[in-house]
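Sequential numbering of the sequence shown, starting at 78, is according to our numbering.
No wet-lab data here; the hints were simulated from the structure.
Heads up, the beta-carbon is just placed ideally off N, CA and C, and yes, glycines get one too.
Any given hint could turn out to be false.
Pair by pair, the computed Cβ-Cβ distance ranges are [as the list claims (entries may be wrong)]:
#1 I122 with Q98: 36 to 42 Å
#2 N107 with N135: 36 to 42 Å
#3 Q85 with E120: 51 to 57 Å
#4 K137 with N106: 40 to 46 Å
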Amino acid sequence: MDINTVGQILTERTKVNTLDQVNVALFKNNKEQAEQHVNQLMESIEPLPVDNKGHTINTKV
């Protein structure tokens, strides 16, 4: 193998590794943002009043 060929292969492999690292970082960031949105949505839901629980059962299908 020619040294230039080896150099080109290593350069391309480095580019692929860098892109993989960037993609993983973006995926983690996206996941964290989604978790924050879900937590905000869950916190925004008002709980049902205690006296409303257990009085009616939905029997219709």
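Comparing the hints with the structure gives:
1. Between I122 and Q98 the C-beta distance comes to about 37 Å, which sits within the given range of 36 to 42 Å.
2. As the Cβ distance of N107 to N135 is approximately 37 Å, the hint placing it in 36 to 42 Å holds.
3. At about 53 Å, the beta-carbon gap between Q85 and E120 stays in the expected band of 51 to 57 Å.
4. Between K137 and N106 the beta carbons are some 44 Å apart, a value that agrees with the proposed interval 40 to 46 Å.
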